[in-house]
Structures are given as C-alpha cells and as structure tokens.
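Peer 1: So you can see what is in the structure, the chains are spelled out below.
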Amino acid sequence: MAGKVGWYGRKRTRELALIVCFLLPSLAIFLLYRMIPLGWNVVLSFQSWSPMRPARWVGFEHYEEMFLWDDVFWQAFWNTLIWIGAAPVAIVLALGIALLVNSDLKGASVYRTIVFLSYPLMTVAVGIIWRWMYDERGGFFNWVLRSTGVIEQPLGFLASFDMALPAVIVTDIWQVIGFYMIVLLTGLQSIPQHLYEAARIDGAPARARFFRITLPMLRPSLFLCAVIGLLNSFTSFDLVYIMTNGGPGHATELLITYIYKAGFGQTKFDYAAAITVVQFSLLLVLTVLANWAAGGNAGAVERD
Amino acid sequence: MRRGFPWARHAVLVLVSAVMLLPFYWVLKTAITDENIYAYPPRLTPLDPHLFNFVDVWYLIPFPRYLLNSVIVSALAVAGNVVLNALAGYALTRHFPAKRLVLLLLLSCMLIPFQATIIPAYLISARLGVLNTHLGLALPLLSTIVCIFIYKASFEAVPKSLIDAARIDGLSEWRIIATVLLPLSKPAIATNVILAFIWSWNSFMWPLIITRDAEMQTLPLGLARFLSYLEDTTGALYAFVVMVLLPGILVFLMAQKEFIRGLTSGATKG
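Protein chains in written order, with this note's numbering: chain A, 1 to 304; chain B, 1 to 270.
One chain only, chain B, in its complex shape (with noise of 0.2 angstroms):
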C-alpha cells in the first residue's frame, strides 16, 4: 500500500528508533569512561574511552563462576527443549486416546505464568531435593508449551507418504523422528534453541528463589548482587551490564527471524 509523505514517516520512525536507542548508548558511554560518572554535566561522548572497567570486572566480582552457572542452565534448558518438545510435538502429530484431554491441558498450562505457582514450585523442588543445584535451577525450564506446538506445526507440513515410505522400510519411529523429521524441521529446531536460550539466560525471579550460595547464582543474580554491592563507585557495573548483554543481542540478531516466528507463532497459535 502506498502513501504519501515518506520523508514524514522517516522521520516520525528515526525519532522513535532515536528513543529506543539512547539507553543502549547511555549505558555504553558510561561503560568506557574513565572520569567521574557523577561529573555534572555529563559528558556526551566520553573524553578518553578505554576499557578499563571491563577488566575491572574480572577482579570485583566472581564473573567466570556466574558466567559458568548461566552457561550451564541455558545448556540444559536448550538441549531439554529441542529434544523433549520434540518428542512431544510428534506424539501430538499421532492420534491417541484422550488426545483433545491433553491438548486442552497444554492449553490451559499456557495460561499459568510461572511467577504464579512460585511458592508451590520452591516446596516441590525442595522436596525434590533441587534446590540450589544446576537441575533445580533448568527443571521448570526443560519443556515449553508454545515450542511444543512449534514442532507440532512443522512435522505437520511434512508428506505424509514420505513418513508411511520410511514406515514401509522398516523404520522404527526413532528412527523416523531423527533421520526424516528433524532434518526437515531445522527452522522448528532454530527457534527452539533460540527461544529456549533467551528465556534461560535472562531468568531471574526462579534462580534468586532456589540458589542460596553465591557458588550457583547465574549472572543475572550476580548483576542484582553487584548492584547493592558497588552501588554508587564506578563505572564497572555498566560494563557488567554490556558483557551480559551482549550474548542475548548477538543471538537475537543472528537469528530475529526465527525468534519473531516463534513468538508469533507461538502466540497465535494459542
């Protein structure tokens, strides 16, 4: 469709880009100052870039052994999903007794935030034994809903004369998931690993319950802890805040495509 004044609408979205990138160039310029970062007026550009803060953090605060912990939940929230949604979405392609009971179940799960069952969940895991552990930390995160009918979806589009040919080979449904499904999915499998790393990397409210020792905080924690920690010295925690940021816009960038997909899909689909 076309309309008039293109240079209007430039300038309306250059304006509103403008805004949602100031806070990204604030907290960056902050990041490779050196000066004071109280100095009135503040500096637009800063005097004398350098990267001295981003050393700092090594130093002020364990960030290998949060860097490791976060590594290691997203690791596991990513491998769970690509494989157990997985086997979920194919179950969900077959016809089973009470099939529409557990459609309508995955449904109506979709619906529960998980910051509502909070209290239930931290006596569960700690009944389980989870608590402050690696698994603890990934368990709630292993399996998503809307990734489910992602898979769903897409071994749907699959001939199904190619999946009865492998049936008629001989090949077990193992077999069929792994060497004709999944190679047909890759997109499915994409925005899988992609939106299962977002969310784990970006937990909060679950690892701040269920780790106690600074030994499992995962980076998010480890920013919350560095805030009222070194509040008000130094320009070290917006380096902090770039490091940690920087994996989720390069991922993000890398794969946009697939991550809207999944959103959307995710959210239209029901």
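Isolated chain A (complex conformation) (with noise of 0.2 angstroms):
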C-alpha cells in the first residue's frame, strides 16, 4: 500500500515538474519584459540615475519637476488627454459601419474586410502614406481643398500648430477604426435575435429596439473598445514618431513620445521613468472610470 502511495507521489511530483517546465519559458518572458520591468520604473523613478553615475534616492524630486516646472510634459499630458478623447468618435463611427455591415445585406463580407485592412498594416508605412497625402505639393487633401477653391494657398497640414494633431488623430482612427468595428460586431452577433423579435411583437419602434436592447447588450464590447482606445495612447508612438515626431514644436508630443525622447535621446532614464508612472497611473483610472461608466464588471472574464 504505502508503495503504492509513494509510487503515486512520484508520479504527481513528475508531472508537476513537467507542468512547471511547460511554463516556465513563457512566464520567464513575461517575468523579464512585464513584471520587473514595472516595478523597476516605479523605483527608477524615485531615483537620480544615469549608465555612468549610482543611484540615489532622491524620493519625489522629478516628480516635482514634471508637474511644477515641465511645461512641455503637460502639453503631452494634455495632448495624451486629447487623443484618448477622440478614441469615442471612433467608436461611434466604427458603431454605425458595424451596424450597416451586421446584416444581411449582399457583398457584406467585402465591405467588412476593406474597413479591417488598414489595421493589421505596419504603422510606419501608414505615417508615410498619410505624411504623403497631407503634402503641401503632392497631397490629397490640398488638391481637392485648392481645386474646388476651399483655399487659395497649399496648407503645410503637419507643419500647423493648430492643425497637426488633429491631422494625426484622423490617420489614426482611420488605422484603428477597423479594429473597433470587428470588436463591436462580435457584439452584435452575439446579442439573441428572439430579444427582437419578442420587441417587434410588442410593437418598439427600431430606435427602442436599438436604445433598450442594441445598446445595453453591447455595453461589454463597448468597455473593451474604450479600453483599446487607451491603450492606443501608449501604441500611437510610432504614428507620431513618423508623421511629426511630435513637432511644430511639441504640439503633437504625446506621454509616450515624450517618454522615448526624455529616455533616449537625453538619457534622463529616471526622469523618463517618473514619467512613465504617471502615464500607466492615468491608464489605470481611466480604465477603472470606463469599467463603471459601462456599469461595473463589465470587462470581467466570463466563465464558461
């Protein structure tokens, strides 16, 4: 008996320590490139640190720099704001294509796939092509602005202050808004058609149908869009990198870009730190706000 036992125990034991193998490679990489790192920025940022010098704690001292003498961080902070802010008028477009496209209209599938092409693209050809259609000379939108006589001069669209962010917002959405279509149209399809039926027995007229029963039952996919747009706050990078590196001036220097050129192009890698924390800390509430604006426990895993 006890042999038996122990023969069990052994078994249990190797399987284990397979069962840790099995892990162990993928939980080293997220350990190296996720864990770690987030707590070495959150002390990184209490610290004066470059390659050449030690650490020294110097506890709040470049958070005090950021928010009471760093005017250029608050213009990436409220340009960040700004971003995220357009991220809901891409949502309610990518709502209205998703509808037009959820049912069953012919060549559906065709629409669908051209609206999702432009997301899986590579980021920096995209700030290319839309750095090309900006163009004072060659692009689009002064070609049709200057012939049907908007305007008399070329616009230098990425070179205005008032004008580049909104510019680089556009290319944006217009990268991600497939993104947000495929998400909400998952919703869509799995909302249970007899909720409409039932409805149009009892007479709702389609806006009810869409307010009472479309909305609310979308409220998940809705959550998780809004939680894409944040996170697109931090994935914008190599947009903006690309189509104004944050210029004229810093008028489209967002937290992130920010980040790289505090990071790497001055070395101020604590600084840069500082920084970071206060990015991922607004994440955090923002995230934390959308999940109770969408009423709670609306991004919780679902059990199955």
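Certain hints may be false.
Straight-line alpha carbon distances no greater than 25 angstroms define the calculated BS3-like cross-link-like pairs of lysine-lysine that follow [said to hold, decoys possible]:
hint: 1; chain 1: B; residue 1: LYS257; chain 2: A; residue 2: LYS106
hint: 2; chain 1: B; residue 1: LYS99; chain 2: A; residue 2: LYS11
hint: 3; chain 1: A; residue 1: LYS11; chain 2: B; residue 2: LYS160
A few chain B residues facing chain A, derived, Cβ under 10 angstroms [said to hold, decoys possible]:
hint: 4; residue: TYR38
hint: 5; residue: GLY80
hint: 6; residue: THR144
hint: 7; residue: ILE148
hint: 8; residue: LEU223
hint: 9; residue: PHE252
Calculated directly from the structure, the hints in this document are not laboratory data. By construction, the Cβ of each residue, glycine as well, lies at the ideal position given by its N, Cα and C atoms.
Using the hints, build the complex out of the two chains.
Peer 2: Next comes the structure, spelled out in structure tokens:
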C-alpha cells in the first residue's frame, strides 16, 4: 500500500515538474519584460540615476520637476488626453459601420474586409502614406481643397500648430476604426435574435429597439473598445514619431513620445521612468472610470 | 434582421470603403509614377506607369539586409509563440497548485502595454547582453498571453476521453501534445502564427531602441531611415512602402478569419 502511495506521489511530482517546465519559458519572458520592468520603473522614478553614476534616492524630486516646472510634460499630458478623447468619436463611427455591415446585406463581408484592412498594416508605413496625403504639393487633401476653391494657398497640415494634432488623430482613427468595428460586430452577433423578435411583436419602434436592446447588450464590447482606445495612447508612438516627431514645437507631443525623447534622446532614464509612472497611472484611473461607466464588472472574464 | 433601403446602405458603405481605400491608391499611384511627384495639380492616374522606383529601392538602401533581419526576427517570434504558447496553454489545462495565481498573473500582465516598460526593458536587455542582436529584438515577442489562452481554449475543446485513452496507451505528455492535441488545434496554431507574424513584422519602437547598427535594422526602421535621408526626392520611398506593406496585406487576406478570431477571442476572453 505504502509503495503504491509512493508511486503515485512520484508520478504526481513528475507531472508537476513537467507542468512547471512547460510554463517556465513563457512566464520567464513575462517576468523579464512585463513584471520586473513595471516594478523597476517605479523604483527608478524615485532615484537619480544614469548609466555612468550610481543610483541615489531622491524621493519625489522628478515628480516635482515634472508637475511644477516642465511645460512640455503638461503639453504632452493634455495632448494625450485629447488623443484618448478622440477614441469615442472613432467608436461611434465604427458602431455605425458595424450596424450597417451586420445584416443580410449582399457583399457585407467585402465591406468588412476593406474597413478592417488598414488595421494589421505596419504603422510606420501608414504614417508615411498619410504624410504624403497631407503634403503641401503632391498631397491629396491640398489638391481637393484647392481645386474646389476652399483655399487659395496650399496648407501645411503637419507643420501647423493648430492642425497637426487633429491631422495625426485622423490618421490614427483611419487605422484603428476597423478593429473597433470587428469588436462591435462580434458583440452585435452575440445578441440573441429572439430579443428583437419579442420587441417587434410588442410593437417597439426601431429607435427603442436600438436604445433598449442593442446598446445595453453591447456594453461589454463598448467597454473593450474604450480600453483599446486607452491603450492606443501608448501604442501610437510609431505614428507620431513618423508623421511629426512631436512637432511643430511640441504640438503633437504625446507622453509616450516624450518618454522616448527624455529616456533615449537625453539619457534621462530616471525622469522618463517618472513620466511612465504618470502615464500608467492615468491609464489605470481611466480604465477604472470606464469600467464604472459601463456599469461595473463589464470587463469581467466570463466563466465557461 | 431585414431592414429597408438596401441601396442606401450600399451607398454609405461604398463611400466608407472609398475613404478607407483612398490612401492605398494614392501611394500606389505615386510609387509607379516617374514624372515629378510634386507636380501640381497631381495626376489622378499615372501617365506612364512603370516599375522603375521598385528597382531603385534595391540600389538606394540595403533592402535585402533589412528584409533578412525582419524575416529572422519574425521567424523567431512565430516559432517562439507556436511552441512556448502551446506548452503554457497545455499546462494551464491541467490542475496544479497556485494555478489561480498564475492565471491572475497572466491576466494582469495583459493590462501592461509593452511600451509602458521600455526603459527597464532596455536596461534588462543590456544586462542580458542582447542589445543589437536578433535574439534581443525577438525576445519580448516570443510569447503572447492572448495566444496562450487561444491554445488553452482549443485544448480544452478536445474530448477528455481521447486524452485519457492516449494516456492509458502509455503516451508521454510530450507525445500527447504533439500527436493528439496539436493536430486537433490547427486553427489555434494558425492564429498564433498570424498574430505573431503581424506583430513582429510591424514592430517599430522596440527595434528603434535596441538596435545600434544599420546592419541590425529591420524593415520599419529602414523605412524611417529612408524617410529622414531621402525625403522630398523620389517616388522610391513610396515604392518601398508598397513593398513593405504587401506581405502583411497578403498574409492578412489569406488568413483573415484566423486573424480576426485571434483578436476577438483575446479581446473577449480577457
């Protein structure tokens, strides 16, 4: 009997060892490139450190400098908020397209492919294409505006302090709108049809069906879109770097491009780490707010 | 659900499609134009289309080098994702102590955008001595949490009796994964391959930070470099853009279903 337990125990240990071995490579990567960096980042933000000097604890010095003295930080901060604020516009547009595509319309899948096509593309290339669209001489927009007589002189969209940020945001929306549409489409298709049939029998008008059935049932998908929009403020580095590199002045500076410039342009890794902490906190706060606005636990993992 | 006015909906969708496709047309048109691309008014159709710019790209920049680096990094990322995610996904279908903790860890890691950790990630890579190497470029991309869960869901859909039968026949865990689970999880493998390829192929910020020599640069970096060197000169830049975009577009069109499923399942499963 004892031998049998021992055999079972050994087998169980071997199995456990195997499971650990299977998990280890992936966990090591996440530990190295997600968990440890996150903690290190926070520590670094309270230190004075550069590759040549030993680290020294300086408390909130970087945060003080950032909040009280750094105008560029504040501009990047507000630009990031504007960037995030544009996401709802894109989500509403995407919802419109998703509603049009989600029907028995002939060729709906073709439209879906076309709208989604821009999402998996290399953002660097997208940035170059749109720079060219906005170009003063050979660009599409100037040609349209000039030939229709709206403007006399060509406009330098990306060189203008007022128009550069909206111009880059339009490009960003063009690229991600397909992803929002796909997420919303998946949400729409998971709404049980009998709800609509019941509403129709009850004589509910189309508007009521949309506001009473479609929108409430779409809440998890809409929350997800909001989170994607928030994360987008981090991942938009490529687009801004290529199209304007934060310029003119700092008119299109986002926190993420400022982090890059502070860290790898001026080798102020410690200061860049402090900005990263601020942006990450901003992200967390806004995610919690979005979750709360979506009526709580909207992002909860479904048990199945 | 049937609604009225199909032609009106077609009209709106055709307009939307035109807006989405216009930038592609504009860049393609420019890439095959040899006249001065800055001529005003711009031509809507190229006067004398030719492929001269595409040939030019090979002479103006070390295109083969960029391509080789991109292919190596993407191959490493795809191989890493397909193998490591399968192993981790399988482990998560089994019971073991602290499983909830591992799941929680993975789910919370998903909320950390990689861009938020670049500074320590750079410093860690420096300590590991992988700056400016292919391995360093690929290392953070080798495993993806979303893809682990895609494998997990796929493995869990395999009937338990099949696995038990294999186990009774004396197959080792490795053999069970390789000969029972993976052949039944082809869609999950396809999703892993496509997501890993698209993500690594497009990746820009990480290579920008950790490569130092032109020798190690990937295609997106080559594009950015080309842009800053040769701006305002030729249509070759746009030919380069077309060449870089084509593989991504082709892969996407061939495997649209797997790609979308990967994105949305990752999105809805947390």
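Peer 1: If you test the structure against every hint from before, which numbers come out violated?
Peer 2: Result: no hint breaks.
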